[in-house]
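As they're listed, the protein sequences go chains D and H. The first sequence maps to residues 210 to 588 in the working numbering. The second sequence maps to residues 210 to 588 in the working numbering.
Be aware that one or more of the hints could be misleading.
One copy or two, either will do: identical chains are not told apart, so a pair holds if it fits within one copy or between any two.
[What the hints assert, rightly or not] Derived SDA-like pairs: lysine to any residue, alpha-carbon spacing no greater than 20 angstroms straight-line:
1. 325 - 440
2. 415 - 231
3. 293 - 540
4. 420 - 316
5. 386 - 299
6. 509 - 286
7. 318 - 333
8. 509 - 575
9. 293 - 516
10. 327 - 341
Hints are computed from structural coordinates only; laboratory data are not their basis.
One-letter residues, chain by chain:
Number of protein chains: 2
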Amino acid sequence: MSDNSFFKLIKEDSTTNARLGELHTDHGIIPTPIFMPVGTQGTVKAVQQRELVEFDAKIILGNTYHLYLRPGMEVLNHFGGLHKFMNWDRPILTDSGGYQVFSLSPLRKLTREGAKFKSHIDGSSHIFTPENVVDIQRTIGSDIMMVLDECAPYPAERKYIEKSIDLSLHWAERARKHFLNTSPYYEHRQFQFGIGQGGVFEDYRKQYIEKMVEIGFDGYAIGGLSVGEPKELMHEMTAVSTELLPKDKPRYLMGVGMPQDILNSIEMGIDMFDCVIPTRNARNAQLFTTRGKINVRNLKHRFSDELIDEELSIYPGNTFTLGYLRHLFIADELLALQVASQHNIAFYLWLVRTAREKIADGTFRQWKTNFLNEFYPEK
Amino acid sequence: MSDNSFFKLIKEDSTTNARLGELHTDHGIIPTPIFMPVGTQGTVKAVQQRELVEFDAKIILGNTYHLYLRPGMEVLNHFGGLHKFMNWDRPILTDSGGYQVFSLSPLRKLTREGAKFKSHIDGSSHIFTPENVVDIQRTIGSDIMMVLDECAPYPAERKYIEKSIDLSLHWAERARKHFLNTSPYYEHRQFQFGIGQGGVFEDYRKQYIEKMVEIGFDGYAIGGLSVGEPKELMHEMTAVSTELLPKDKPRYLMGVGMPQDILNSIEMGIDMFDCVIPTRNARNAQLFTTRGKINVRNLKHRFSDELIDEELSIYPGNTFTLGYLRHLFIADELLALQVASQHNIAFYLWLVRTAREKIADGTFRQWKTNFLNEFYPEK
Numbered sequence: 210m211s212d213n214s215f216f217k218l219i220k221e222d223s224t225t226n227a228r229l230g231e232l233h234t235d236h237g238i239i240p241t242p243i244f245m246p247v248g249t250q251g252t253v254k255a256v257q258q259r260e261l262v263e264f265d266a267k268i269i270l271g272n273t274y275h276l277y278l279r280p281g282m283e284v285l286n287h288f289g290g291l292h293k294f295m296n297w298d299r300p301i302l303t304d305s306g307g308y309q310v311f312s313l314s315p316l317r318k319l320t321r322e323g324a325k326f327k328s329h330i331d332g333s334s335h336i337f338t339p340e341n342v343v344d345i346q347r348t349i350g351s352d353i354m355m356v357l358d359e360c361a362p363y364p365a366e367r368k369y370i371e372k373s374i375d376l377s378l379h380w381a382e383r384a385r386k387h388f389l390n391t392s393p394y395y396e397h398r399q400f401q402f403g404i405g406q407g408g409v410f411e412d413y414r415k416q417y418i419e420k421m422v423e424i425g426f427d428g429y430a431i432g433g434l435s436v437g438e439p440k441e442l443m444h445e446m447t448a449v450s451t452e453l454l455p456k457d458k459p460r461y462l463m464g465v466g467m468p469q470d471i472l473n474s475i476e477m478g479i480d481m482f483d484c485v486i487p488t489r490n491a492r493n494a495q496l497f498t499t500r501g502k503i504n505v506r507n508l509k510h511r512f513s514d515e516l517i518d519e520e521l522s523i524y525p526g527n528t529f530t531l532g533y534l535r536h537l538f539i540a541d542e543l544l545a546l547q548v549a550s551q552h553n554i555a556f557y558l559w560l561v562r563t564a565r566e567k568i569a570d571g572t573f574r575q576w577k578t579n580f581l582n583e584f585y586p587e588k
Numbered sequence: 210m211s212d213n214s215f216f217k218l219i220k221e222d223s224t225t226n227a228r229l230g231e232l233h234t235d236h237g238i239i240p241t242p243i244f245m246p247v248g249t250q251g252t253v254k255a256v257q258q259r260e261l262v263e264f265d266a267k268i269i270l271g272n273t274y275h276l277y278l279r280p281g282m283e284v285l286n287h288f289g290g291l292h293k294f295m296n297w298d299r300p301i302l303t304d305s306g307g308y309q310v311f312s313l314s315p316l317r318k319l320t321r322e323g324a325k326f327k328s329h330i331d332g333s334s335h336i337f338t339p340e341n342v343v344d345i346q347r348t349i350g351s352d353i354m355m356v357l358d359e360c361a362p363y364p365a366e367r368k369y370i371e372k373s374i375d376l377s378l379h380w381a382e383r384a385r386k387h388f389l390n391t392s393p394y395y396e397h398r399q400f401q402f403g404i405g406q407g408g409v410f411e412d413y414r415k416q417y418i419e420k421m422v423e424i425g426f427d428g429y430a431i432g433g434l435s436v437g438e439p440k441e442l443m444h445e446m447t448a449v450s451t452e453l454l455p456k457d458k459p460r461y462l463m464g465v466g467m468p469q470d471i472l473n474s475i476e477m478g479i480d481m482f483d484c485v486i487p488t489r490n491a492r493n494a495q496l497f498t499t500r501g502k503i504n505v506r507n508l509k510h511r512f513s514d515e516l517i518d519e520e521l522s523i524y525p526g527n528t529f530t531l532g533y534l535r536h537l538f539i540a541d542e543l544l545a546l547q548v549a550s551q552h553n554i555a556f557y558l559w560l561v562r563t564a565r566e567k568i569a570d571g572t573f574r575q576w577k578t579n580f581l582n583e584f585y586p587e588k
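Excised from the complex, chain D in its bound form:
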């Protein structure tokens, strides 16, 4: 069911393609542009749910592939969905599982019917079809679900992409049909996004988006990017896509990325982001701060009294010093992973919150340029 009250476009920036909007879900309103922390298996790694609320996460992401295997559908069904299971009453978006089938499964086979794969945990055999992936996401109870697609690798030739988008579009049609013919299992509405593919070929990207818009989804994602292609190509494909996507629907750039990628993509008109970088890099001692990246294992921080991020003025960046956090990493303490993950999530949420403020007051372009030049320069 397409629901017109789902997305509200609030403002378009006058000097860029950036936009302010709102996603209205039954678990709350999500202001856009937004970053969605990744909670793969029903937890954002090392960050507690109440901390996500403290850092003002408006929505988190769950991975259908992982949740389907563990805890599994029986458990999620018993608990009444992922929100209740993990004690999170704000919105959740789930991906379709397609990406993990390609990146994690030791053995997989694509057919017209769906994607057959073996579990990376125990080798058991499974199949994802456009239809059962909708059903699985109904059991999970995500507010926003994604359609099953093939996330083509990079590099891939035109011939490969041609076959791939033919299959993904066939799946998208079936997914939408099944979504419209079924109802949520719980008391809240669900929305469904299509995912634009097409590799790094402009004509395929355009062709795909046109057909997807014909089918008609509640929102549109740009998929198959940030998979190894040069940054320029990623930006090019993003720009091509946002030009064609309808203005009155939200746009989600999947799996992106670094702070500079996020701000540059907001400039092109992207509304939603998710990425494991803030938490994964945190576990490798890389901090993102308002004054740039910091590798906190570096010996130079041994005696550092500097706070992790005083300007952010939110826990834990306003509390612990680089010297203490370095010690925690060197001593292999769990608190290192906790503090670094918390901080990076808080920073990413600050980043999109600030972007929204700057779009609102008309200074986004200038702020973005200065901030990136000073603290996150392109190499």
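Got chain D sorted already, so can you dock chain H onto it with the hints?
Chain H in isolation, oriented as in the chain D frame:
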């Protein structure tokens, strides 16, 4: 400097040897009996400092051996001590490092002078003497410091113990002398405890305590227990010790233990406890709750809607279900370690808080008996 305002005995139980007291430090008043969460390397594993405050930890423990090696004295000196380094403004007690020299160092040698050892991290050579261990704890800035001693193994023959207590008493005299001849490095007072040794031999225990009391410390610990001896012997030695220890000084049973050991020792007149069990066992999925121990990995919890500990009515026990926590453990998520560690610390602090309330209202013996019989029966 012995300070008479340090310990206040507030009440003695009428039907047991349990007692209520207060330790007055410059970082706050510690009600006794108390449990001290162990923060080995400047962090209580997987539990954040602000969470310790939330769970009402009145004092935590740091390990001199670990802190001396990492972050090291230069760093702690630069930061002005452990309190500032780790952002903890409540009291800290540090052990002498002796125990870790025996349990962790790959090579060590005891001489009259002190304990020579090699670092378990990089093999570098070090020596702990009664004097430099005082100095190290002055650099750490702990509110309560312990003297260097030999923690004799179990089993050990009378002959071994005889030599061992001769050395430890010699060290204790030197430690006290050095403590009295030196001053704190920071703005707060420090207190020094002696540690009673003597293996499992009543006469040696008594002899040791008499000499220790002659030397005169701010408090007395009972050491060398909970090192593998039968529980009856541990209780016997504890009872022997508390009979002889002065009533107007705090008594600390080192490294003990399970909930039943703590309540039984409170009954014998012990005031202070520390143990790694709540956090270490948490990381192995063992929960301590108001209704007994729970191994949360157990398959039977897969569909459990039961909260971890509703009766405790404190986060996270009042928030997450056993089913969710089991999933986190099975899926190898960091949040599992965080939630289980938090809960177990909260439970241990609840245990001693409740013991204090029961001593205050005169129902300690009855409550203890019922609680242990029902939820923590002796095997």
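Status of the hints after comparison with the structure:
no., hint, in the structure
1, 325 - 440, "neither (32 angstroms within a copy, 57 angstroms between copies)"
2, 415 - 231, "neither (26 angstroms within a copy, 74 angstroms between copies)"
3, 293 - 540, "between (36 angstroms within a copy, 18 angstroms between copies)"
4, 420 - 316, "neither (31 angstroms within a copy, 72 angstroms between copies)"
5, 386 - 299, "neither (27 angstroms within a copy, 61 angstroms between copies)"
6, 509 - 286, "between (51 angstroms within a copy, 17 angstroms between copies)"
7, 318 - 333, "within (14 angstroms within a copy, 55 angstroms between copies)"
8, 509 - 575, "neither (33 angstroms within a copy, 58 angstroms between copies)"
9, 293 - 516, "between (36 angstroms within a copy, 12 angstroms between copies)"
10, 327 - 341, "within (16 angstroms within a copy, 60 angstroms between copies)"
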